[in-house]
Amino acid sequence: MQRKRKAFRDWDKGLVGRDQALEYLEGREPRLSNFLGLYCNLTISLYFDISSYHRAIVMFGLNALIGRHKINNTNNVWEGAWDPTNAYDFIKYTVSKGYKIDAWEFGNELSGTGVRASVDVAQYGKDVINLKRILDELYKNSRFKPLLVAPDGSYDKEWYNKLLQLSGPGVINVLTHHLYNIGRAIDTHLLERILDPDKLSEAETTFRNLSETIQKHGPWASAWVGESGGISWSGGRDVSDTFVNSFWYLDQLGMASTYNTKVYCRQSLIGGNYGLLNTSTLAPNPDYYSALLWHRLMGKKVLGVSTDISLPFLRTYTHCSKERAGVTLLLINLSNQTQFILNVKNHVTVKTNEVAKFREEYHLTPKDNNLRSQTMVLNGIPLKLTNKGDIPTMDPVHNNVKSSIHIAPLSIAFIVYLNFDAPACARH
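Number 433 marks the last residue of the sequence shown (my numbering); no jumps.
Do not take every clue at face value.
Unchecked claim - With a Cα cut of at most 25 Å, we get these calculated DMTMM-like pairs of lysine to aspartate or glutamate:
{"id": "1", "residue 1": "306", "residue 2": "243"}
{"id": "2", "residue 1": "137", "residue 2": "88"}
{"id": "3", "residue 1": "389", "residue 2": "209"}
{"id": "4", "residue 1": "267", "residue 2": "209"}
{"id": "5", "residue 1": "221", "residue 2": "163"}
Derived by calculation from the structure, the hints in this document are not laboratory data.
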């Protein structure tokens, strides 16, 4: 999972022009009063910090509405060619300073019918080719070549298909989409939606169709989730920042990986109700620990998993373990009554490798069995920062490798089989 900083929102009514580009960078207040100042406030010192932050992967969103105008008598349709002048100056400045921007993103939520603005795909395709030309020109003497990312909006099959057809091979490196499939923050049934396996599975259609779009029309491009928080409009209060949200979050990470998604950008690290960190204390919310365990345990290779019977309330995902031999299972029990008892076997060798006599288990539950708790419990121990403000030790429990796995109702578990004989995980 990667973080990204979004800037130059496309629905800003005030747009920074060429004469303001470097003025804005030099820290003088732009003559604007809208989302731009509220969300970005991009001073030269802040831009330097973002660009040079250790190990940060930075994707910068460019305003793709500059030069266009809204069509009268329409809700959100904009027409006209994109004016790249501001973007050209800004990218040129970035290159001259040696700042590393890993990816340039063209616009925000303009695909299909858009959110607050939409652009016809034929014009957008021409404009993204223009941006590619600018990047090739400005980075021609640079050893580092950034990615061009687009369109970063809701997936619309026809619009996305045409975009790849119109832009052509090698222009768009990454095809991004936004996904908020649980509902809006004002919905009064968010918790029930998160625990509904049919609701969670709705996102699979999007992942499958996007994968088909790339295979058929743009095999040179990778699929990313450019933004996802489950619940739109800043997330659900006492839902997105609590234990129950991890049922959606981890399930979608598993589903995205199954369909070859390379990067998943979570909305957000901090901010709104769906932040991984508490906005007041900066203490981790439950989803932070879920993301951390995923990051530590789940490798990049996805494995097939099957069960003897259909179990809609048990979600299962299996990956090669990260940076060590073996496989890791993610098990999500959405049932409020049923404890699942599982036996695992390898269909190739019929049994697990005898080298490891035990497996590692990480069982996640909410404090006091309250699904809306902001405290996650790992193997019976509440997870909270140490007195020094460090992340607590997150140790597994060990069980005999041949014993059954018990998954309690409304719980989540990572199960690590050490040295499990999976040929697909063999290192070459």
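We went through each hint and held it up to the structure:
no.	hint	in the structure
1	306 x 243	violated, 34 Å
2	137 x 88	holds, 14 Å
3	389 x 209	violated, 33 Å
4	267 x 209	holds, 16 Å
5	221 x 163	holds, 13 Å
When held up to the earlier numbered hints, the structure conflicts with 1 and 3 and fits the remainder.
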